[in-house]
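Asks: Chains as they are written, first to last, in the UniProt record's numbering: chain B, 1 to 191; chain E, 1 to 191.
None of these hints come from the bench; they were simulated from the model. Small disclaimer: the values here were computed from a predicted structure and weren't measured. Errors might be hidden in some of the hints.
Copies of the same chain look alike in the list, so a pair counts if it works inside one copy or between any two.
[Claimed, not checked] 25 Å max Cα-Cα, derived SDA-like pairs, lysine to any residue:
hint: 1; residue 1: Lys70; residue 2: Ala170
hint: 2; residue 1: Lys94; residue 2: Gly159
hint: 3; residue 1: Lys70; residue 2: Ala183
hint: 4; residue 1: Lys112; residue 2: Val132
hint: 5; residue 1: Lys112; residue 2: Ala156
hint: 6; residue 1: Lys70; residue 2: Arg48
Now for the letters of each chain:
There are 2 protein chains.
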Amino acid sequence: MTKTPLSASEGVVRDLPDKAEALPDLSDSSDPSDPSAVPAEEFLRLDRQICFSLNAASRAFNSVYRVVLKELGLTYPQYLVMLVLWEHGELPVKRLGEHLRLDSGTLSPLLKRLEAAGLVRRERSAEDERSVRVNLTEAGADLREQALVVPRRIAAATGFDLREIRDLRARLDRLTLALDAAALEGVPVCE
Amino acid sequence: MTKTPLSASEGVVRDLPDKAEALPDLSDSSDPSDPSAVPAEEFLRLDRQICFSLNAASRAFNSVYRVVLKELGLTYPQYLVMLVLWEHGELPVKRLGEHLRLDSGTLSPLLKRLEAAGLVRRERSAEDERSVRVNLTEAGADLREQALVVPRRIAAATGFDLREIRDLRARLDRLTLALDAAALEGVPVCE
DNA sequence: CACAATTAAGTTGTGCACAACTAAATGGCT
DNA sequence: AGCCATTTAGTTGTGCACAACTTAATTGTG
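Could you put the whole structure together from the sequences, leaning on the hints where they help?
Replies: Laid out in structure tokens, this is it:
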């Protein structure tokens, strides 16, 4: 077996939405904002759920993009790189990485593949020989035309309207900010 | 260079939260629920943002878990597997995959590593020789004790209270459901 | 100016996700 | 019984994320 069926095939265990209501509603406890009011056992189970949800959403998103992007010949991370280049034009690898929160360990091979595909050119900067500037080729710039339909198709697949998307985005950004901050000053030891 | 600094180092391009307000507010257009009211160019930019947000949140989450789980000797996906086993006990690989939405291509090597670490045992089922049952070893069962603190630390890192976490989870699950459905019956061609 | 620290890109190695495939066991169905 | 479709794990190959490292260019400081 290889691919867990995505559909509502009979035997499938669906942890995601169903159990959401079936489980004890932790937010109904005396003080919903106080995590220490919840027993550790329950908390472990809750963790299982939120982990899974985020993971599942991320992967579901990925796989929808994968389908849509296949006809452009791009992977999802490659699409993200192209989006930045379409919007900003030439950029050194460093800047690209800042936009995407990716380091050279990820970008170097990815850019090599984009270059092999003829979408991008890389050349050492003259002023600073350490820096490599990434440029769109004509083919790369032209691909933007085909990409214009992608967002609509994705948005349609989510079933969310624009307001919901915006709202979800805001929450996710807030989450990311908090997590980054926590990662910086060391993850809290207990509390 | 290798790791894009997570901190507020001066030159860092922060696409995530700042631009959220700086950009034209698409949801203020005449009809927020009608995507076709938005020009394709804007839509492409919006897509860039929501993609990035989801991706960034997922990776930020991952890296916080990575830090916390390192002292347990687990990766994040391995932790997810252990959570399922702690909750359900012995399971065939197939069921494990259903809980986690992972196929054998991902699980087989992962379980092999967990087995090498002495946390699980795998044995062919007697009734059905196709099936492999995954069992916790004593060490694997014991590890649960240490894992009990993980959820609190993560929750603390998010800065979200339980209600917000629950709410975010509900949205993500809804998103996943919609995306799965779309993936099933083919992603909409244009719409 | 010289030399240490910093910065940019790339390389190597590990682990995960997934598509495509193989191998073996099982369950019908005739 | 014999055969074929299905089911279950596993394998192989590609691409991404990231840690740890290397190399080379640049900057800062004495």
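Asks: It remains to establish, for every hint, whether it holds in the given structure.
Replies: A quick look at each hint next to the structure:
1. Lys70 <-> Ala170: Neither. Shortest intra-copy (29 Å) and inter-copy (30 Å) distances fail the 25 Å Cα cut-off.
2. Lys94 <-> Gly159: Intra 36 Å, inter 30 Å, cutoff 25 Å: neither.
3. Lys70 <-> Ala183: Answer is between: at 13 Å across copies they meet the 25 Å cutoff, but 35 Å inside does not.
4. Lys112 <-> Val132: Within. Shortest intra-copy distance 12 Å satisfies the 25 Å Cα cut-off; inter-copy 40 Å does not.
5. Lys112 <-> Ala156: For Lys112 and Ala156, neither the intra-copy (32 Å) nor the inter-copy (39 Å) Cα distance is at most 25 Å.
6. Lys70 <-> Arg48: between (32 Å within a copy, 18 Å between copies)
In summary, the structure is inconsistent with hints 1, 2 and 5 from the numbered list given earlier, while agreeing with the others.
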